[in-house]
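Q: Let the hints inform the model, and build the full structure from the sequences given.
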Amino acid sequence: MALAALNNIGTQVCRQAVPPDWPGGFWWHWLFFTVVLIIFVLVMVMGVIYIERRGMGRMQSRLGPNRTGPFGLLQPVADAVKVLLKENIVPANADKLVHWLAPVVAFSPVLLIFAVVPFQNGALLADLNIGILYVVAVSSISTVGVFMAGWGSSNKYSLLGAMRNVAAVVSYEMPLVLAIVGVVLLAGSLSMNQIVLAQDIPFILLQPLGFLIFFIAGCAEINRSPFDLMEADSELTAGFHTEYSGMKFAMFYLVEYAEAVAIAAIITTLFLGGWRGPVLPPWLWFIVKVIIVFFVMVWTRTTLPRVRIDQLMSLAWKFLFPLALINLVVTAIEVLALPAALLWVLIIINFAILAALIPLWSKLFFKLGWGRLEV
Amino acid sequence: MKFERFGLGIAKGLTVTIRNLFRHPTVSQYPEQRLNRSRRSRGNELIWSREKCTGCGTCAKTCPQGAIEIITSTNLAENKYEVEKYQVDTGYCIQCGLCIEACPYDALYMGYAIERAKYRRGDLVQSDDMLLESAERPASGYYHPEIARKLPRQTLLVERINEKR
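Each protein sequence line maps, in turn, to chains A and B.
Each position in the first sequence, counted from 1, maps to that position plus 405 in my numbering.
Each position in the second sequence, counted from 1, maps to that position plus 3 in my numbering.
Read the hints as simulated data drawn from the structure, not as lab findings.
Nothing here was measured: the structure is a model prediction, and the numbers come from that model.
Relax, there's no trap hidden among the hints.
From the structure, some residues in chain B lie toward chain A, with a derived Cβ separation under 10 Å:
(1) 9
(2) 10
(3) 16
(4) 17
(5) 21
(6) 22
(7) 24
(8) 25
(9) 26
(10) 29
(11) 30
(12) 32
Residues of chain B placed beyond 12 Å of chain A at every Cβ, according to the derived structure:
(13) 53
(14) 85
(15) 109
Just so you know, even glycine gets a beta-carbon here, dropped at the ideal spot from N, CA and C.
A: Printed below as a string of structure tokens:
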């Protein structure tokens, strides 16, 4: 009963992009979703930090933070309060303006991504017909913020970390976008809402290779372990945010997890059927799927050691990039030549391609090095 | 063709972490949960028995740190030494236990308590009655199996993971 009621409220509120009976329709819609998105991002970031710290602790046979509040639930709040009360230090030689602007430049694109993520059928700030293209375009802007932070700090570690980040993002953008193209071919639309509507079965079954590539490239793009080279604490102290403290550091911390939530939301939308699912209301399905995807990110983070910078680059250009191209060609052939094929046949074909390609490609073509050793 | 290199190794690693997730963590929350220490553990302080001590000074001679100071006077009437001052500077003590092993009359024991930190350096210098055994200062079973038998058995972390937390 309660679920059904929630469902009804959800559908009534979010039925149409612009509710016709609201005065000044568009602006009410804009205000509602802006507030909801900001609250959603902040709450999700806190929840996600809790999941990461507790889950990671348990996976490493520790407890994780469990002192603040019941089960340590208030730990993110305590951290936030601590960070806000800290002194805001700007290095004497810093490029002051750039140093000040960097956290904002890094944070705003992450919020912008959520504008096109559908929480329910039609429940999104702007149902752009080029939604996924917009995501690809906007998500890379936060790299500019990170590089500004690295440059503005006038610190060699910050600059090195920021440069690594730029290199990683530029490299991993290719396989990321190519993996998205496979989904777009299947869905026949660039709109996030249309992509979800097209998924009668989640696209992870039709695009297993694309999902793998997107997941790895997404993790690398937002610099989560094992690809967290830009804040490799054993090499670069804290990377680009070495010189940041107080509220500005909190912003970068927020960016890190908001980006993780954003990538999880995009993976959910593109590959896991977005808000679609039985019994539960759609927006709850969406959140549950986002948390599951984030949990897998935490899981890989605890398990895998950090890769070297040359391994990072080789993985992008010699492994993910060609596989993404092959995946794209295969998907195109499937869409063009086998439009009437049974779904389960396509699923079997795609998983067979995945199982065959990865060992073959890593055995035959993928080699580290081959370049100048002193690089 | 070893499949460890093509993703199987990563899958194996992932199973290890997920198994840890559903297991109880092997840590104890120290101030609230305490494990029983080894019954023969060497704690912070020395326990001295005034009755058994004959003032022979063997302990002071054995101590590699020279942390034990003993001053005796001769009691001619009873033909023995009287201990006037027995002082241990636990700040120098390295808990090697040589004095306990050397004592011919079993008058010295290692302390079993470990939470005996002091706020001042001067408090670390203990003498005479401060060194006697008491409820806060139980004797350890080190070199004394008869004491060890009475102490609680040591608990290991792996035995306590059935405890819910």
